[in-house]
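With the hints as constraints, model all of the structure from the sequences given.
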Amino acid sequence: MKVSGHQRHGLWFAYISHRLSGLLLALFLPLHFWVLSLALNDRAALDGFLSWTDLWYVKVAEYGLVFLLSLHFFGGLRLMALEWLPWSARQKTYAATALAAGFAVSTSFFLSATFYG
Amino acid sequence: MTQISQPDQQFIKVSIWRGAGDKGGYETFDVPDQESQTILDLVSYIQQYIDPSLTYRFACRVGMCGSCAMMVNGVPRWTCRTHVKKITDKAGSLTIAPLRNLPVIKDLVVDMDVFFDKWVRAEAVHHPTRSIEQGVQPVSEDTAERQAANAAIECINCAVCYAACDVVASNPEYLGPAALNRAWSLVNDVRDGGREAILEAVSGTGGCHNCHSQQSCQKYCPNELNPTASIAGLKRETSKFALRNLLNPANKHNQGEPA
Ligand code: SF4
Ligand code: SF4
Ligand code: FES
Numbered sequence: 001m002k003v004s005g006h007q008r009h010g011l012w013f014a015y016i017s018h019r020l021s022g023l024l025l026a027l028f029l030p031l032h033f034w035v036l037s038l039a040l041n042d043r044a045a046l047d048g049f050l051s052w053t054d055l056w057y058v059k060v061a062e063y064g065l066v067f068l069l070s071l072h073f074f075g076g077l078r079l080m081a082l083e084w085l086p087w088s089a090r091q092k093t094y095a096a097t098a099l100a101a102g103f104a105v106s107t108s109f110f111l112s113a114t115f116y117g
Numbered sequence: 001m002t003q004i005s006q007p008d009q010q011f012i013k014v015s016i017w018r019g020a021g022d023k024g025g026y027e028t029f030d031v032p033d034q035e036s037q038t039i040l041d042l043v044s045y046i047q048q049y050i051d052p053s054l055t056y057r058f059a060c061r062v063g064m065c066g067s068c069a070m071m072v073n074g075v076p077r078w079t080c081r082t083h084v085k086k087i088t089d090k091a092g093s094l095t096i097a098p099l100r101n102l103p104v105i106k107d108l109v110v111d112m113d114v115f116f117d118k119w120v121r122a123e124a125v126h127h128p129t130r131s132i133e134q135g136v137q138p139v140s141e142d143t144a145e146r147q148a149a150n151a152a153i154e155c156i157n158c159a160v161c162y163a164a165c166d167v168v169a170s171n172p173e174y175l176g177p178a179a180l181n182r183a184w185s186l187v188n189d190v191r192d193g194g195r196e197a198i199l200e201a202v203s204g205t206g207g208c209h210n211c212h213s214q215q216s217c218q219k220y221c222p223n224e225l226n227p228t229a230s231i232a233g234l235k236r237e238t239s240k241f242a243l244r245n246l247l248n249p250a251n252k253h254n255q256g257e258p259a
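Top to bottom, those sequences are chains V and D. Numbering follows our numbering, in which position 92 of the first sequence is assigned residue number 92; successive positions increment by one, without gaps. Numbering follows our numbering, in which position 96 of the second sequence is assigned residue number 96; successive positions increment by one, without gaps.
Since the hints were derived computationally from the structure, they do not count as laboratory data. Some clues are possibly wrong.
[Claimed, not checked] SDA-like mimics (lysine to any residue), calculated; alpha carbons at most 20 Å apart, straight line:
no., chain 1, residue 1, chain 2, residue 2
1, D, 240, V, 79
2, D, 240, V, 81
3, D, 85, V, 5
4, D, 85, D, 61
Structural data, given as structure tokens:
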């Protein structure tokens, strides 16, 4: 994807990260539900599947997923506030805060999964 | 502007879009580098001293009329108030193209009809409530509505926001930031009797709910207006309006009547 001149500003990047994280999460969702369904139909397969999560690269992939999820969550709150609350001039601050919060949540998840998981 | 030909003169490489309709290409000109030059000065220099057939639009040269907007290095700008020094890239070159999202007539001139037709489709036109005998309605400057109307009012119709908007680019039906911004001004104006008509016009196909809040419009608006904030206001008002009509259908046609 080529970002053209008029798109090179923080709030456009906030927009595109919200879109892309949503899209990637939507692609992941069928897999997520399929694994959940194993809990009902095939316990052994579920346990086998979950043991994968001990592998370091699966942990890193989970970190990525949790980052996407929290980025989308906080970005969504930002957009709802933008559309439903009286206008605030601090839109760039809110976008940066959503990114920082997404990073903080996913990193805490990653660290706790690595050390206590 | 004078023609310059001193031996130590520096030149700027200016690539300009030439052509009509969809067909055309960039042509490069060497323009003398002068103090305090604007992008419009460069274009005028080329037209006056190098190629008189170059077609472009301007009128006031002081940021009032809104006719001189073009894409400069991929970004929409009012060219009469944009200094060359501010935007030349590291290589010192410049690319000037007609405004994005509008059909090109020739070279740097675009057809603004669609842009203005959308103002009318958004009901962003005055709906009078009084006749001349009744005199001018007093306007209180203190109300929140008036302040919202004032914040959105100084639009010069330059279409910079329209060119910056990716939703306009992907959805030709979308009314665009300028028309919706004016609609918001009128929704908040006590002298305007078309509140219901405006809210209906901006909630339909191509209306305010298409906006993805990318905020490129407010980023580039040369008058520092904020169409995104206006559109967010319209989103709230149209939703309240729809909800009210849903709960109390009898209400529907009593809205927006002259007081
Ligand atoms: S905020 Fe809405 S109107 Fe403005 S550029 Fe973005 S999509 Fe277009
Ligand atoms: S809102 Fe700003 S950018 Fe858009 S037409 Fe008006 S003055 Fe130009
Ligand atoms: S020439 Fe009038 S705004 Fe630039």
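Against the structure, the hints come out as follows:
no., hint, result
1, D:240 / V:79, "holds (18 Å)"
2, D:240 / V:81, "holds (16 Å)"
3, D:85 / V:5, "holds (17 Å)"
4, D:85 / D:61, "holds (18 Å)"
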